[in-house]
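> Take a look at the letters that make up each chain.
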Amino acid sequence: MSVLAYLIPISLLLGGAALAAFVYTVRSNQYDDPEGDSRRILSDEWDDHPKP
Amino acid sequence: MTAQIRPAMAVCPGCVAAPNEAVEQAPTEARLALSLPTIHCQACISTVERGLNALPGIHSARVNLTLKRALIEADPDLRAADLIPVLADLGFEAHELDLASLATTDSDRAGRELLMRLAVAGFASMNVMLLSVSVWSGAADATRDMFHWISAAIAFPAVIFAGQPFFKNAWSALRVGRLNMDVPIVLALVLALVTSLWETSLSGEHAYFDAALTLTFFLLAGRYLDYRTRAVARSAAEELAALEVPRAIRMEDGVEVETAVADLAIGDLILVRPGGRMPVDGVIATGQSELDRSLLTGETLPVFAEAGTQVSAGEVNLTGPLVVRAEAVGEDTSLHRMADLVAIAESGRSRYTSLADNAAKLYAPGVHILSALAFVGWYLYTFDLRMALNIAAAVLIITCPCALGLAVPAVTTAASGRLFKRGMLIKHSTALERLAGVDTVVFDKTGTLTAGTPQLENLAEFSRTDLEIALALAESSAHPLSRALTQAARGAGITPAEVTNLQERPGFGTEGEYQGRCVRLGRAAWVGADQGNQTAAWLDLGAGAPRGFLFHDALRPGAVEAVANLHAAGKEVLLISGDTTGAVADLAARLGIGNWLAEALPQDKAKRIQLLTDQGKKVLMVGDGLNDTAALTEAHVSISPASALDAARVASDIVLLGQDLEPIAEACTVAQKATKRIRENFRIATLYNVIAVPLAIAGFATPLIAALAMSTSSITVSLNALRLK
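These protein sequence lines are chains A and B, in that order. The working numbering numbers the first residue of the first sequence as 2 and each following residue consecutively. The working numbering numbers the first residue of the second sequence as 378 and each following residue consecutively.
Be aware that one or more of the hints could be misleading.
Simulated DEER-style distance windows between Cβ atoms [as the list claims (entries may be wrong)]: (1) Q1036/B with A19/A: 43 to 53 Å; (2) L5/A with P1071/B: 50 to 60 Å; (3) P10/A with D1023/B: 55 to 65 Å; (4) A19/A with L1099/B: 19 to 29 Å; (5) D1023/B with D48/A: 43 to 53 Å; (6) L5/A with W575/B: 17 to 27 Å; (7) L13/A with I1092/B: 26 to 36 Å.
Away from chain A, derived, C-beta distances all over 12 Å, residues of chain B [what the hints assert, rightly or not]: (8) A407; (9) I643; (10) E708.
Source of the hints: derived by calculation from the structure; they are not laboratory data. Where a beta carbon is used, it is the ideal one built from N, C-alpha and C, also for glycine.
Could you put the whole structure together from the sequences, leaning on the hints where they help?
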């Protein structure tokens, strides 16, 4: 049963991390243009190096 | 006159000073928004962004494909008018959007907040469900207690944060002594958390933390769907308003200066070019032209205008440039006053109680009584407060309107999505339900059933030479009748005759010289003919009596089908117009509408609809003009085309985005189907309650049964809603 002592905090931490990541995406306007974002992946601009 | 003007100016000295202040602090960066209705793929995004970013003066440009819009940050002196031709060269249609009218879509705070709460409820319920599953599958004693305590530690903060919309709504209802759907929700949440905590502290077997969280999650999902549907409709409606950029040209010492309509003052001289809409009420100072008053009165015949003619905001200038001296601006224009009157009047939508509200009215007291009875019954039977409270909580949780909360939004989201694809924008949340009950449809004529573009009727009556001369004269003018004549003649393979000294006389017509004779095409009075009651342009060849080209208004595409389909669906169709009897009778005959009313004043239209309503009819009004707004508000439900005046669009529940009228009949069918699904959903939700509530009252309900009942009913309801697509 001592394994629970590790597993429960780990599961809570992972859940919390996922929630934090979601909150970050909402805050940085990543759901404003779902249609455009799904198409932008096809663009070959900035394939070689990131946008300055 | 002066005595009347002076107080108005003295009351508001700030308005006079405001424009000067605005000029002083020049912004370093301007934001522009363009609507790009034709973009649809990755290549479009790249082309537009690359094209715009390459222009000098642009700092950054980003396309939003969902909204079909480009947002541009640029130097302050850059104008949208400079960018539109660039995009046209790239092959994209672009229109300027007024950013001030778009302001609310920009900051979508309410939606974001709701999404955040939904996420918290979702993540918390996943974690708690994990622990609950281990409890259900056999964890006992100390392990079970520990799992319950951990669940409590997650559930309490999560519900307190995520459930706030319900707490607020319930409180605002209770404060005025009313019950709404949120009151039983809040009671169930609070009771579930408190009894579960109590049970846990006594190391009891059953805890409902998972139920409280999933309940919050499902209900928030319903709220979010509901919110999204309305947000999409609102942003599309705002875009329509933003397409009319409120700008006017003011003459300052003979120089044309472009200014915002809001900055215009009484006494200003305003230039209105042909094709432009009057921004103010006033008197024409110089110029001659014709005015199209159809949006205000429904008349199709253009009215002659010269210096001294009174004009009202909203009228369209057709031929010559006009300079107007403003007599009333902004809120004081007759256009605004009429629109305000409409806003005050009681509307069909405020008289209607939605299906969800009706359900809540039955449901909320029922649930409370049931759970109170269970509590009292068990307490009197066992005198065990803990057990009685547990059972009361179980009853509340199981009856909690999880499925009911999803029943309406899931269906309306699916139905609005489907209609949006067909070019209809559902603006009001109960519009679909009201549309489903419609049995009488009232159409306006000008601009609604007709496209507002004239069509030549009697081309065949003229000889080829006459037509060649008329074509030459018509081609030198931008008047709608001239353009219709040009189109018809060109379509018949006519080439223009050689007419020299072509000259347009704004407000009258065009004249020229043909083989030494003076030839003219224009208004009846100008060429010396009798004005009939039909729209006509008269051709005077300098010899013999002038002859008239007769026009009728072209039908809007889909008008015939829409009327036929509505008839086929067993609905009564009426035509009420402010236009002349002849024109209305002609159109009614063409569309097969037996019941029509001509020369109706705005009040007549509204009165007629009230009469129909009093007879127990559910009226759908379709109209576009200012003279329709009272009728639009009075009707049970209303539709206006996108080309309608802003005031009419605001007054209506549904906006037709495309030119086509055909979707109206389809919308009625979809609405009926949607209402049927909503009722089915209520029945499904009730069915689950009928099965689960006796179990809960008998004391057999466990958290597992509660979770199963809740999830299955919510999922069936959502799936049932998806059948609409």
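> Would you mind marking each hint as holding or not holding in the structure?
Hints, verified against the model:
1. Q1036/B with A19/A: 43 to 53 Å: holds (47 Å)
2. L5/A with P1071/B: 50 to 60 Å: violated (38 Å)
3. P10/A with D1023/B: 55 to 65 Å: Holds, at about 58 Å.
4. A19/A with L1099/B: 19 to 29 Å: holds (27 Å)
5. D1023/B with D48/A: 43 to 53 Å: Given range 43 to 53 Å: holds, Cβ gap about 45 Å.
6. L5/A with W575/B: 17 to 27 Å: At 25 Å between Cβs, range holds.
7. L13/A with I1092/B: 26 to 36 Å: At roughly 27 Å between Cβ atoms, I1092/B and L13/A fall inside 26 to 36 Å, so the hint holds.
8. A407: holds (21 Å)
9. I643: holds (42 Å)
10. E708: holds (34 Å)
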